[in-house]
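Chemist: Sequence:
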Amino acid sequence: MEQNNNQRKKNLFLSLQNAWRGLWTVLVREPAFKYMVAAALLVVGSMLYFPTSRIEKAVLLVMIFSVLGLEMINSIMERFLDFLQPNLDPRVKIIKDLLSAFVFLVISGAAIIGILIFWPYFKIIKI
Numbered sequence: 001m002e003q004n005n006n007q008r009k010k011n012l013f014l015s016l017q018n019a020w021r022g023l024w025t026v027l028v029r030e031p032a033f034k035y036m037v038a039a040a041l042l043v044v045g046s047m048l049y050f051p052t053s054r055i056e057k058a059v060l061l062v063m064i065f066s067v068l069g070l071e072m073i074n075s076i077m078e079r080f081l082d083f084l085q086p087n088l089d090p091r092v093k094i095i096k097d098l099l100s101a102f103v104f105l106v107i108s109g110a111a112i113i114g115i116l117i118f119w120p121y122f123k124i125i126k127i
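Each residue of the sequence shown is one higher than the last, beginning at 1 in my numbering.
Source of the hints: derived by calculation from the structure; they are not laboratory data.
These figures come from a predicted structure and were not determined experimentally.
One thing to keep in mind: the hints can contain errors.
The calculated lysine-lysine pairs, modelled on BS3-like cross-linking and capped at a C-alpha distance of 25 Å, are [as the list claims (entries may be wrong)]:
(1) Lys34 / Lys96
(2) Lys9 / Lys34
(3) Lys123 / Lys57
(4) Lys34 / Lys123
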């Protein structure tokens, strides 16, 4: 029983280690992901600065993690497609374009939600 519990802890630690390595890899190798993390930090800073409600914070966090997660899936699929088909192939290009369109669609939705949430706070700022 003790050994089984230790094995579970070891597996959990290895899983977390692999997850962090993957997150670091996408952060270092994917420029688009870096921009999205920068935008996410800006949104989190704004979320903490302005008196947003708990629901607004929750919606913003869901959108942030959705965009970042989707960008990771996009990066994974692009690398996988490049592995399967290293030469230029019009079918692979279509798949990559569709993936990019999907990311763009979710980012657009997130931006609209962000504007809807933050717009009232920017209207009260006097310049």
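Chemist: Does each hint hold? Answer for all of them.
Modeler: For each hint, the structure was consulted:
Of the supplied pair hints, the one linking lysine 34 and lysine 96 holds, its CA atoms being roughly 19 Å apart against a limit of 25 Å. As the CA atoms of lysine 9 and lysine 34 are separated by approximately 32 Å, the hinted pair breaks the 25 Å bound. Among the hinted pairs, lysine 123 with lysine 57 is consistent with the structure: their alpha-carbon atoms are about 19 Å apart, no more than 25 Å. Distance restraint check for lysine 34 and lysine 123: the Cα-Cα separation of roughly 29 Å exceeds the 25 Å cut-off, and the hinted pair is therefore not satisfied.
When held up to the earlier numbered hints, the structure conflicts with 2 and 4 and fits the remainder.
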